[in-house]
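S.K.: The chain contents come next:
There are 2 protein chains.
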Amino acid sequence: MPCRLVLVSLLAATLPLISQTLPTGPHTEIEAFNLRLEQATRNMDNAAMLALWADQGISLLPSTKPIVGKAEIAAFLDNATAQIKGATMEKFEMTCHDIDISADTATEWCTEHQVVLMPGGKPPFDGRGKMLLVLKRGADAKWHLFREMWNQAESN
Amino acid sequence: MPCRLVLVSLLAATLPLISQTLPTGPHTEIEAFNLRLEQATRNMDNAAMLALWADQGISLLPSTKPIVGKAEIAAFLDNATAQIKGATMEKFEMTCHDIDISADTATEWCTEHQVVLMPGGKPPFDGRGKMLLVLKRGADAKWHLFREMWNQAESN
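These protein sequences, in sequence, are chains A and B. Residue numbering for the first sequence follows our numbering, beginning at 4 and increasing consecutively. Residue numbering for the second sequence follows our numbering, beginning at 4 and increasing consecutively.
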């Protein structure tokens, strides 16, 4: 009994340490990924956005040809930023739902709300949309955006 | 050596039989799923469409609230059909790309072209779109539609 007591005490003493140092599991990793995606979008930080994509990533946007591979995605982001030069993101909020993980693949769907202040006295852009995301765990053990589609949210 | 020869001959004789009777693998199964989805849509066969969905399936359509679960999907299909009563699908073509399989989850993206003849002398609807699909293998070992999003194709 004394032996067991010592063991229990040792476990009790080390558990908080273990929970701080052990990997947190794929669900928590994907929640962290979502925060990085939200922050990169909010900051209009193309380099940070691109770093979240898989090399073979595909983005499917409305009325737009499929954007296939990291090089095409980089060019699209650069072009989109150039089109709204001087604009600033006043608000970007994203909420994701129903994370589902199967081996090295995860899917989730998200809703987003963005308010972009436009230069030259143009009215701000206030838009809401939905996203379907597929994430893939890479050789670097990190999750990357593998496939993304967006469409507009319902009107209120 | 004679023994090995017999074995090789036996294998050579049975291989065609094995290839006809063994399961065909998930990639081929998903191609077959796509054909069923294409046919059900072409036939505007709501029962056949619904049979392809997972119980917890989610459909994400533009300007529409997320449609969550088979009961909501059934109601949406019934309502959509009622809205265009008398319409017939003249053409529905779907081509899917980059099937990716991870354990019980598969993803692919598709392009589609539909021409719907409308009743009452209305002009036909001729539309093109893209889809991001997530399929899940169910307890019945069959693939089902787990998540679907659609948006419009690029203009020509």
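It should be emphasised that the hints constitute simulated quantities derived from the structure, not laboratory data. Among the clues, some could well be false.
Note that the list lumps identical chains together, so a pair holds whenever it fits in one copy or between two copies.
[Said to hold, decoys possible] Restricting the straight-line Cα-Cα distance to at most 25 Å, the calculated cross-link-like pairs of lysine to any residue (SDA-like) are:
| no. | residue 1 | residue 2 |
| --- | --- | --- |
| 1 | Lys-68 | Ala-54 |
| 2 | Lys-94 | Met-121 |
| 3 | Lys-68 | Asp-143 |
| 4 | Lys-68 | Ala-142 |
| 5 | Lys-139 | Ala-78 |
| 6 | Lys-139 | Thr-98 |
| 7 | Lys-145 | Ile-87 |
| 8 | Lys-68 | Met-52 |
| 9 | Lys-125 | Thr-31 |
| 10 | Lys-145 | Ala-106 |
| 11 | Lys-94 | Ala-74 |
| 12 | Lys-68 | Thr-44 |
| 13 | Lys-73 | Ser-158 |
| 14 | Lys-125 | Gly-72 |
| 15 | Lys-68 | Lys-94 |
| 16 | Lys-145 | Glu-93 |
| 17 | Lys-145 | Met-121 |
| 18 | Lys-68 | Ile-102 |
| 19 | Lys-94 | Lys-125 |
| 20 | Lys-73 | Met-121 |
| 21 | Lys-139 | Trp-56 |
S.K.: Does each hint hold? Answer for all of them.
M.R.: For each hint, the structure was consulted:
1. Lys-68 with Ala-54: within (22 Å within a copy, 31 Å between copies)
2. Lys-94 with Met-121: within (13 Å within a copy, 42 Å between copies)
3. Lys-68 with Asp-143: neither (29 Å within a copy, 36 Å between copies)
4. Lys-68 with Ala-142: neither (28 Å within a copy, 36 Å between copies)
5. Lys-139 with Ala-78: Answer is within; shortest intra-copy Cα gap is 22 Å, inter-copy 33 Å.
6. Lys-139 with Thr-98: The answer is both: 19 Å in one copy and 23 Å across copies each meet 25 Å.
7. Lys-145 with Ile-87: neither (31 Å within a copy, 47 Å between copies)
8. Lys-68 with Met-52: Within one copy only: 20 Å inside a chain, 27 Å across chains, cut-off 25 Å.
9. Lys-125 with Thr-31: Cα proximity of Lys-125 and Thr-31: none, with 40 Å in one copy and 52 Å across.
10. Lys-145 with Ala-106: both (13 Å within a copy, 18 Å between copies)
11. Lys-94 with Ala-74: neither (28 Å within a copy, 35 Å between copies)
12. Lys-68 with Thr-44: both (21 Å within a copy, 23 Å between copies)
13. Lys-73 with Ser-158: This pair counts as between: shortest inter-copy Cα distance 23 Å, intra-copy 32 Å.
14. Lys-125 with Gly-72: Classified as neither; 33 Å inside a copy, 41 Å across copies.
15. Lys-68 with Lys-94: between (27 Å within a copy, 22 Å between copies)
16. Lys-145 with Glu-93: neither (29 Å within a copy, 46 Å between copies)
17. Lys-145 with Met-121: neither (35 Å within a copy, 49 Å between copies)
18. Lys-68 with Ile-102: Between copies, since 19 Å is at most 25 Å while 27 Å is not.
19. Lys-94 with Lys-125: within (17 Å within a copy, 43 Å between copies)
20. Lys-73 with Met-121: neither (27 Å within a copy, 42 Å between copies)
21. Lys-139 with Trp-56: Both ways: Lys-139 and Trp-56 sit 9 Å apart in one copy and 23 Å across, limit 25 Å.
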